[in-house]
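In order, the protein sequences belong to chains A and B. Taking my numbering, the leading residue of the first sequence gets 1, the next gets one more, and so forth. Taking my numbering, the leading residue of the second sequence gets 1, the next gets one more, and so forth.
Bear in mind the hints are in silico, worked out from the structure with no lab data behind them. Some hints here could point you the wrong way.
What the hints assert, rightly or not - Pairs of lysine-lysine residues, derived as PhoX-like cross-links and limited to a Cα-Cα distance of at most 20 angstroms, are as follows:
1) B/K31 to B/K239
2) B/K203 to B/K239
3) B/K259 to A/K138
4) A/K107 to B/K239
5) B/K166 to B/K31
6) B/K247 to B/K81
7) B/K198 to B/K31
8) A/K256 to A/K41
9) B/K259 to B/K81
10) A/K130 to B/K132
11) B/K132 to B/K277
12) B/K198 to B/K239
13) B/K277 to A/K130
14) A/K312 to B/K239
15) B/K259 to B/K239
16) A/K312 to A/K138
17) A/K312 to B/K259
18) B/K203 to B/K132
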Amino acid sequence: MPVSSRIVATAAAICFAGAALFAQDGGGARQALRTTNAPPKATGTTPRAPDGHPDLTGVWNALGDNLNGVPNQIANNGISIESATVARDLHSGQLVTVFPRLDNRPKNNEQAERAAALLRRSGSNRPIYKPEYWDMVKYNDHNANEEDPSNNCMPAGIPRGGIPSYIAQFPNYVVFIYPGQGGLIATQTMYRMIPTDGRKHTPLQELDGSYTGESIGRWEGDTLVVDSYGFNSNTWFDQIGGYMHGENMHVVERYKRDGNTLTWTVTVEDPDYLLEPWTSTPRVALLNPDPKAMLPESQPCSERDLAHTVTKEHH
Amino acid sequence: MTFTIRVALGVALVGALAVHSVDAQTPDRAKTLRAAAEALGMDRWSDIGSAANTRLPGIDIVNTQELIASGMTDVGGRMVKTDVHVALGYNPAAMRVELTPEGGAAQHTIETVRETWAWNESQIGGGLVPGKGTATPAMAAVRERLLRLWTLPFGVVKAAYAGGDKTVVSTEGGATVITAPLGGPLAGMSVRATLDAKSLITKVEARADNPALANLASEATQMEYSDYADHAEVLTDIKTPGHIVGKRDGRTVFDLTVKSWETNNPYVVFPVPPNVKAASAASPTSR
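Produce the complete structure using the sequences and hints provided.
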């Protein structure tokens, strides 16, 4: 385990001490194993910037499974494992049947990947496309190994990038960093410099479409609202699902800090593709409690697997 | 009574008791339901990947599915070769059944249900976008269509877990039987499923515990499932039937061979068309 991952794992252990088991790993070390994936409860006070707004500055990866701080990717899909006996779909509120874990025998990679692919897709909160695109979305996800635009080391784009792993807040702008790490979340490091100085959007027709679009921030009370348009159509807008979009996509993100948590929701409007706007199930990041926490270097992305893929199984 | 007769009666009584005791042995409900869920592949740990940081319980990961089948169906009392396309989901409870009988465009039907709404679509998603197909409310069909969803193997297991203590597991004729109550618009009905030695559901019948629903139960189809395998192109380890036979009053009304049955996010959605919602609001008796 690299040093950086150990730091993150340690932070996660501290934060989840109330819902964790300790197990011996092969080296005899004690490792925290989380037994729930429910969104973390906020603790601590919310720091304020000199202008009175909440200060979002920090490394937001303390949930620790990866640089992006995603605790367990079905949480992104809105399935909350609240205890060993209770799970629910956060969007619909419907209870999900829980099966007590009888043993901890490792699954082989094939079993684990097939289960993971289903888990990421079991939530109920799905964007509603116009009917003429239903088959295309299905095709995209079904053939994601070839069709996923981020599979060839391309940027995940916005809002697929999710919660930034690092935020730096200044009086008139914020900087978001999304470390590239390969795999599902992102394949190329992205950054955004978002003005919060009250400026207006550039007219859409004057923008060249880009992966992160043109983003303008504003404060609504204690919530940072980031309004973006001017995208290209080269990305999908959620981590799974084949959710393509057009160049007229409009994205509104809401960032709300409460103590050591950051809650992110996004609304996607696309009059060309969607029947109605889609709003994500809120996702919660946890502040890295280490005051010296740093983002480690992103590994370079070099796609080498795709040419050897022989089935349609995928993340 | 002679000694011989008494001995014979005694032997018969012991034998009867022995036979009765075999059938009277109540299988453990929790173990039976879990075995049924595992046989179908519904029970998966909720860790992602190698689970290096988590030790989460298993959850039911079946939500939406899509199956393509073909075979013979009863069309107006005549068995006709038919292509069948079914999209379904359990959160929310919804199902879209498209039947395309051979040689009869006029008999092509798309019957959809979601929770308390039922409607017929002129094309997939009809009625959602002006000028692109129509949706005709069919509120009277809500229960009948929902019953199709809950008589599928996955529906039975979900209903059995949701039923809690009201779900009964028994042994009948040597086979394990799960009887589970249904909820929502189907409250007052139950499904009765027979399991094989591998805990796979081979037969499902609907029953009306509420006399007012007796007609629905008598019209309900008895389902038979066999040839379980992973019938998905994107493999999931979910076991689905490869052969489905529906019977009504002992007569076969459809006999289908499954071509594919996908669980790995077939993008299937069931938005309710505005005119269907309006019709439901105007006539709430079906809700």
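The hints, checked one at a time:
1. At roughly 19 angstroms between alpha-carbon atoms, B/K31 and B/K239 fall within 20 angstroms of each other, so this suggested pair holds.
2. Distance check on the hinted pair: B/K203 and B/K239 sit about 15 angstroms apart at the alpha-carbon level, within 20 angstroms; holds.
3. Of the pairs offered as hints, the one joining B/K259 and A/K138 holds, with about 17 angstroms between alpha carbons and a cut-off of 20 angstroms not exceeded.
4. About 18 angstroms separates the Cα atoms of A/K107 and B/K239, which keeps this hinted pair within 20 angstroms; it holds.
5. For the hint linking B/K166 to B/K31, the alpha-carbon distance of about 16 angstroms falls within 20 angstroms, and the restraint holds.
6. A distance of roughly 16 angstroms separates the Cα atoms of B/K247 and B/K81; the hinted pair therefore holds under the 20 angstroms criterion.
7. Taken as a hint, the B/K198 and B/K31 pair is honoured in the structure, with Cα atoms around 13 angstroms apart against an allowance of 20 angstroms.
8. Under the criterion of a C-alpha separation no larger than 20 angstroms, the hint pairing A/K256 with A/K41 is consistent with the structure, at around 13 angstroms.
9. Simply put, B/K259 and B/K81 have alpha-carbon atoms about 15 angstroms apart, close enough for the 20 angstroms limit, and the pair holds.
10. Pair hint A/K130 plus B/K132 holds up; C-alpha atoms about 10 angstroms apart against a cutoff of 20 angstroms.
11. A threshold of 20 angstroms between alpha carbons decides the hint, and for B/K132 with B/K277 the separation of about 18 angstroms falls inside it, so the pair holds.
12. This hinted pair checks out: B/K198 and B/K239 have alpha carbons roughly 12 angstroms apart, not beyond 20 angstroms.
13. For the suggested pair B/K277 and A/K130, the alpha carbons sit about 18 angstroms apart, so the restraint of at most 20 angstroms is met.
14. Of the supplied pair hints, the one linking A/K312 and B/K239 holds, its CA atoms being roughly 18 angstroms apart against a limit of 20 angstroms.
15. This hinted pair checks out: B/K259 and B/K239 have alpha carbons roughly 14 angstroms apart, not beyond 20 angstroms.
16. A hinted pair counts as satisfied when its Cα atoms are at most 20 angstroms apart, and A/K312 with A/K138 qualifies at roughly 13 angstroms.
17. With a CA separation close to 17 angstroms, the supplied pair A/K312 and B/K259 stays within the 20 angstroms bound.
18. Of the supplied pair hints, the one linking B/K203 and B/K132 is violated, its CA atoms being roughly 39 angstroms apart against a limit of 20 angstroms.
Checked against the numbered hints listed earlier, the structure breaks hint 18 alone; every other hint is satisfied.
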